[in-house]
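Protein chains: 2
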Amino acid sequence: MVENCEYGDRIEVHTMKEIYEGIYLPSPETGIILLKLDNGYNIGFIKKNISKLELVKKKDESKPLFEVVRDGGKPTIGLVVLGGTISSRLNPGKGGVDFVETPEDLFQFYPELFNKVNVKVEVPFMKGSEDMDYKDWQKVAKVVKKMLDSNEIRGVIVTQGTDTLHYTSAALSFFLQDLNKPVVLTYSQRSIDRASSDASLNLECAANVSLSDVCEVVVVGHANSDDEFCYAIRGTKVRKMHASRRDAFKPINSESILKVNKDYIEIISEYKKRGKEKPKIDTSFEEKVAILKFYPGQSPDILDYYLEKGYKGIIIETLGLGQIATSGARLSWIRKLKEMQDKGIVICATAQTIYGRLNPLVYVTGRELLKSGIIYLEDMLTEVAFVKLGWVLSHPEWNVKEKMLENISGEFNKRIVE
Amino acid sequence: MVENCEYGDRIEVHTMKEIYEGIYLPSPETGIILLKLDNGYNIGFIKKNISKLELVKKKDESKPLFEVVRDGGKPTIGLVVLGGTISSRLNPGKGGVDFVETPEDLFQFYPELFNKVNVKVEVPFMKGSEDMDYKDWQKVAKVVKKMLDSNEIRGVIVTQGTDTLHYTSAALSFFLQDLNKPVVLTYSQRSIDRASSDASLNLECAANVSLSDVCEVVVVGHANSDDEFCYAIRGTKVRKMHASRRDAFKPINSESILKVNKDYIEIISEYKKRGKEKPKIDTSFEEKVAILKFYPGQSPDILDYYLEKGYKGIIIETLGLGQIATSGARLSWIRKLKEMQDKGIVICATAQTIYGRLNPLVYVTGRELLKSGIIYLEDMLTEVAFVKLGWVLSHPEWNVKEKMLENISGEFNKRIVE
Chain B
299 MVENCEYGDR
309 IEVHTMKEIY
319 EGIYLPSPET
329 GIILLKLDNG
339 YNIGFIKKNI
349 SKLELVKKKD
359 ESKPLFEVVR
369 DGGKPTIGLV
379 VLGGTISSRL
389 NPGKGGVDFV
399 ETPEDLFQFY
409 PELFNKVNVK
419 VEVPFMKGSE
429 DMDYKDWQKV
439 AKVVKKMLDS
449 NEIRGVIVTQ
459 GTDTLHYTSA
469 ALSFFLQDLN
479 KPVVLTYSQR
489 SIDRASSDAS
499 LNLECAANVS
509 LSDVCEVVVV
519 GHANSDDEFC
529 YAIRGTKVRK
539 MHASRRDAFK
549 PINSESILKV
559 NKDYIEIISE
569 YKKRGKEKPK
579 IDTSFEEKVA
589 ILKFYPGQSP
599 DILDYYLEKG
609 YKGIIIETLG
619 LGQIATSGAR
629 LSWIRKLKEM
639 QDKGIVICAT
649 AQTIYGRLNP
659 LVYVTGRELL
669 KSGIIYLEDM
679 LTEVAFVKLG
689 WVLSHPEWNV
699 KEKMLENISG
709 EFNKRIVE
Chain Y
299 MVENCEYGDR
309 IEVHTMKEIY
319 EGIYLPSPET
329 GIILLKLDNG
339 YNIGFIKKNI
349 SKLELVKKKD
359 ESKPLFEVVR
369 DGGKPTIGLV
379 VLGGTISSRL
389 NPGKGGVDFV
399 ETPEDLFQFY
409 PELFNKVNVK
419 VEVPFMKGSE
429 DMDYKDWQKV
439 AKVVKKMLDS
449 NEIRGVIVTQ
459 GTDTLHYTSA
469 ALSFFLQDLN
479 KPVVLTYSQR
489 SIDRASSDAS
499 LNLECAANVS
509 LSDVCEVVVV
519 GHANSDDEFC
529 YAIRGTKVRK
539 MHASRRDAFK
549 PINSESILKV
559 NKDYIEIISE
569 YKKRGKEKPK
579 IDTSFEEKVA
589 ILKFYPGQSP
599 DILDYYLEKG
609 YKGIIIETLG
619 LGQIATSGAR
629 LSWIRKLKEM
639 QDKGIVICAT
649 AQTIYGRLNP
659 LVYVTGRELL
669 KSGIIYLEDM
679 LTEVAFVKLG
689 WVLSHPEWNV
699 KEKMLENISG
709 EFNKRIVE
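Protein chains in written order, with our numbering: chain B, 299 to 716; chain Y, 299 to 716.
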């Protein structure tokens with residue numbers, strides 16, 4: 299706490315070089331003075347670098363620190379809040395983070411979202427994204443569907459933790475068909491009360507996209523580690539590719555759809571536009587699906603586990619163009635995979651390299667695996683394949699192979715070469 | 299076959315724009331005339347674009363098509379050939395590829411390697427890299443060790459298939475300590491008889507590095523999809539990141555060590571230099587180690603399989619900063635992981651995002667997992683962690699946690715930020 303100043307006061311911070319004015323915020327890091335500038339950016343100052351602090355205006359005790367002002371002239375969007383870092387603040391006492399639980403609390407940390415839009419908030423649950431699974435994706439899809447059906451709402455933003463955000467974006471891409479509005483997932487990698495949180499830019503850019511004519515499920519987030527602009531990436535062509543960087547989400551085997559600035563949008567590649575579609579929802583999911591990453595020397599006995607446990611489908615993350623071990627008595631993967639398929643388990647192959655497209659025809663191994671019935675999923679991401687397989691297998695009336703190879707929500711990109 | 303010309307003849311190919319001269323090679327692709335230019339580059343011409351073909355010189359029937367000329371003035375390097383695409387040629391009859399089995403055959407396809415060096419070839423086995431496991435890594439290490447101990451040999455090149463090359467490079471990084479010469483792994487993504495194979499540049503650059511003062515295990519390969527220069531990447535900080543591109547191998551959480559051109563080398567980052575070390579070999583390996591990729595909703599019952607099968611260690615590819623599911627009765631991962639560790643199984647965590655560094659201290663889940671005894675492997679790659687754990691666990695005299703967290707062969711990069 300700084301002498302004579304309280305959190306919420308408007309203050310000036312003088313450094314050797316410049317003077318900054320903004321709202322004084324509680325900083326979870328000791329030795330740091332945290333300021334919310336009028337442009338919405340949180341900036342932290344190391345105390346020893348501050349030459350002077352001046353009070354500009356005491357906070358008005360009769361009003362909340364930040365206020366949600368509804369403005370009839372602005373468009374309304376839906377905001378689905380699910381937890382994660384974008385809804386977390388540090389708890390220095392505990393040494394970790396806590397969830398920010400009310401819309402008002404959220405607003406306190408990113409009022410700039412409300413500059414352009416009115417926001418209808420729904421909070422179906424609050425959890426870390428590592429704890430989310432298909433039942434949560436089903437809940438989210440239902441909440442989003444209600445918003446798609448509302449005449450008032452122009453577009454939908456979904457915020458959650460980053461760890462499984464790309465799974466949720468894939469799930470919404472399949473569960474919700476014939477979209478009539480943008481469905482925009484966003485996140486932050488730094489909790490919102492930290493200096494230079496990425497939440498503010500991501501949310502503002504997500505709001506821009508939610509008002510756009512992109513009628514797809516997309517992920518919007520930092521394009522690089524500068525706090526300048528975002529990309530909007532197709533929900534089936536995106537993966538978390540860094541544990542901590544702000545630009546953790548990258549388009550895979552695909553270009554981004556949009557470059558998104560705070561005030562305007564640039565189109566990078568083709569997308570589905572707003573039309574007169576009536577959105578449909580289909581959230582059924584077969585939970586007995588698994589991901590299995592192949593590694594050198596791995597015994598195929600692992601497949602027995604899935605058989606015994608009644609699994610219906612497995613995504614194998616294969617090597618290179620779609621290879622697994624074939625030689626040696628102990629490594630009789632092909633025999634075992636045939637046996638599994640004879641017993642009705644669907645086996646699909648994806649690429650452990652993440653980037654690129656499988657091609658089972660180049661090597662003998664691949665051709666033998668293909669002959670055994672394995673479905674080669676070309677350039678589809680493992681995570682997307684997992685979600686799609688669970689969804690497809692829950693429809694006994696569908697031809698599994700045909701559906702898995704049908705480009706339903708942009709999960710294949712036929713155009714990438716090499 | 300072209301009229302009046304035989305494979306091995308020196309011919310001229312006239313196109314609308316230019317005339318090319320070189321050795322006429324059998325092309326596996328129909329409609330293509332394949333030429334090996336004097337600069338070592340294979341170039342393919344579509345027949346309909348050829349205006350004229352002219353015989354320059356018949357091949358000398360008394361000599362082999364290409365000849366291995368030993369030149370006393372050149373330095374000698376060791377070449378360990380293990381199979382893979384770099385040793386494969388297309389078999390149009392079978393519709394796949396066959397291995398090129400003798401050094402002379404190899405030489406036919408990349409004589410440019412022999413421009414600068416004499417080559418001692420060893421072929422301990424020939425297989426697709428998808429079939430290699432720790433027993434093969436042990437064999438390779440022993441062959442390389444012999445070459446390290448030879449006074450004649452300046453440096454060692456190892457060629458193998460790309461699919462598990464980064465596992466082999468990790469294994470050699472741990473199995474061979476106190477190197478006295480460079481150990482350079484290289485590869486090709488296109489079989490060597492195809493127009494624009496990447497083998498030639500990779501081998502020439504690998505030869506340059508094998509003569510350099512880099513006393514580490516490195517992977518040398520195309521820096522981008524142009525056929526211009528290569529990077530040399532530390533063997534513990536490299537991963538195959540594309541199914542088919544020539545620049546499939548990328549440095550992860552690290553810079554490359556060298557930029558390698560055909561004729562010279564540029565230093566990018568620090569490395570261990572040639573000294574007076576006496577190389578040591580230690581190839582022991584505990585085969586009961588596994589990689590387990592966590593996915594949303596995954597049941598912890600999978601751990602029972604590893605317990606029953608007598609596994610000694612598991613690398614869990616975790617979400618984000620090192621997270622797995624913690625909530626729900628069905629998802630009692632923490633309890634199960636504690637139980638596994640109580641029974642003596644070592645559990646390590648790596649990052650599913652591939653890029654970035656784990657940090658278990660940010661979230662409650664991570665702190666609980668850390669407390670349960672899990673070893674968080676910071677910025678170490680999953681594949682490297684797997685190899686290292688197998689190696690460390692085979693030494694009962696070592697403290698496993700200490701050894702796993704010791705930076706033995708550059709597998710940790712303490713310097714990366716974010």
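Careful: at least some of the hints might be erroneous.
Identical copies carry no separate label here, and so any pair may be met within one copy or between two of them.
Stated by the list, open to error - Derived EDC-like pairs (lysine to aspartate or glutamate); straight-line CA-CA distance at most 20 Å:
hint	residue 1	residue 2
1	K610	E700
2	K712	D602
3	K712	E606
4	K570	E584
5	K557	E606
6	K636	E666
7	K437	D545
8	K610	D599
9	K315	E410
10	K425	E666
11	K437	E359
12	K437	E584
13	K444	E304
14	K699	D403
15	K433	E319
16	K315	E584
Hints are computed from structural coordinates only; laboratory data are not their basis.
- prompt: Which of the listed hints are not met by the structure?
  reply: 2, 3, 4, 5, 7, 9, 11, 13, 14, 15 and 16
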